[in-house]
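Chemist: Sequence:
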Amino acid sequence: MITRIFILFFLFLTNLFSQLLVDSGNNSLNVQPAPIRFNSLGKSVVLNSLNNSFRIIANNNNEIKSANYLNYLLKNNYGIEFKINPENEVGVVNEWVIKFSISKSNSFINSQHYRIHPDINKKEIEISSPGQLGLLFGAVTFLDFVRSENGAIKINLFEVDDWPEYSRRIFSTVLKPDRVEDMLNYALLNKMET
Numbered sequence: 004m005i006t007r008i009f010i011l012f013f014l015f016l017t018n019l020f021s022q023l024l025v026d027s028g029n030n031s032l033n034v035q036p037a038p039i040r041f042n043s044l045g046k047s048v049v050l051n052s053l054n055n056s057f058r059i060i061a062n063n064n065n066e067i068k069s070a071n072y073l074n075y076l077l078k079n080n081y082g083i084e085f086k087i088n089p090e091n092e093v094g095v096v097n098e099w100v101i102k103f104s105i106s107k108s109n110s111f112i113n114s115q116h117y118r119i120h121p122d123i124n125k126k127e128i129e130i131s132s133p134g135q136l137g138l139l140f141g142a143v144t145f146l147d148f149v150r151s152e153n154g155a156i157k158i159n160l161f162e163v164d165d166w167p168e169y170s171r172r173i174f175s176t177v178l179k180p181d182r183v184e185d186m187l188n189y190a191l192l193n194k195m196e197t
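All you need for this note's numbering is the position in the sequence shown, starting with 1, plus 3.
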């Protein structure tokens, strides 16, 4: 019994010190195409490399697909993955959350419009859009918030409000069947509708 209590206490302390909110000055966002509106909050969340305890909340299939795509990008670029919809986990206290949400608000311009809104008090970063394509574009932009420095993962906090200002962006390619996934990733990373 004492061993279990010690383990729970250790997990609680590990999670408590695994995330640190630090001042990061005025960061720049290097995303192409550049978002219409973005603002640096001058803060970053630093995760220690042993315990990347961010979690992702996604409620429906489109949100879960977008969350899985974010994890795919994070794994390929930084070797990390965040848990999606963890239920009743021991030691999950006071951690940051990335929340994907499809919103039917009239304030969105089109289905590709997305917003990324960090709330420091709630320890939450919300990626919202009226459609799945907007959520995918939001995931791609969020990837540019992430940096790896001295063995730690640093997530810079930005507010982003973005939608494509172009009616159509076209590119053409000759594909082999085994390169379709690469082409789709290229299109999403460059915010092109396929």
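FYI, nobody ran anything at the bench for these hints, they're computed from the structure.
Quantities reported herein were computed from a predicted structural model and do not represent experimental measurements.
Honestly, I wouldn't trust all of these hints.
As a list, the in silico EDC-like pairs of lysine to aspartate or glutamate whose alpha-carbon atoms are at most 20 Å apart [as the list claims (entries may be wrong)]:
hint	residue 1	residue 2
1	Lys107	Asp181
2	Lys78	Asp164
3	Lys126	Glu184
4	Lys125	Glu184
5	Lys68	Asp122
6	Lys102	Glu162
7	Lys107	Asp147
8	Lys157	Glu127
9	Lys125	Glu152
10	Lys102	Asp147
11	Lys46	Glu184
12	Lys68	Glu152
Chemist: So, for every hint listed, does it hold in this structure?
Modeler: A quick look at each hint next to the structure:
1. The straight-line distance between the Cα atoms of Lys107 and Asp181 is roughly 36 Å, outside the 20 Å bound, and the hint therefore fails.
2. At roughly 25 Å between alpha-carbon atoms, Lys78 and Asp164 are farther apart than 20 Å, so this suggested pair is violated.
3. With a C-alpha separation of about 34 Å, the suggested pairing of Lys126 with Glu184 is violated against the 20 Å cut-off.
4. Taking the CA atoms of Lys125 and Glu184, the gap is near 36 Å; set against the 20 Å cutoff, the hint is violated.
5. Annotation: proposed proximity of Lys68 to Asp122 is violated, straight-line Cα distance about 23 Å (limit 20 Å).
6. With a C-alpha separation of about 14 Å, the suggested pair Lys102 and Glu162 falls inside the 20 Å cut-off, and the hint holds.
7. Simply put, Lys107 and Asp147 have alpha-carbon atoms about 26 Å apart, too far for the 20 Å limit, and the pair is violated.
8. Under the criterion of a C-alpha separation no larger than 20 Å, the hint pairing Lys157 with Glu127 is consistent with the structure, at around 15 Å.
9. A hinted pair counts as satisfied when its Cα atoms are at most 20 Å apart, and Lys125 with Glu152 does not qualify at roughly 25 Å.
10. With a C-alpha separation of about 17 Å, the suggested pair Lys102 and Asp147 falls inside the 20 Å cut-off, and the hint holds.
11. With a C-alpha separation of about 35 Å, the suggested pair Lys46 and Glu184 falls outside the 20 Å cut-off, and the hint is violated.
12. A hinted pair counts as satisfied when its Cα atoms are at most 20 Å apart, and Lys68 with Glu152 does not qualify at roughly 28 Å.
Checked against the numbered hints listed earlier, the structure breaks hints 1, 2, 3, 4, 5, 7, 9, 11, 12; every other hint is satisfied.
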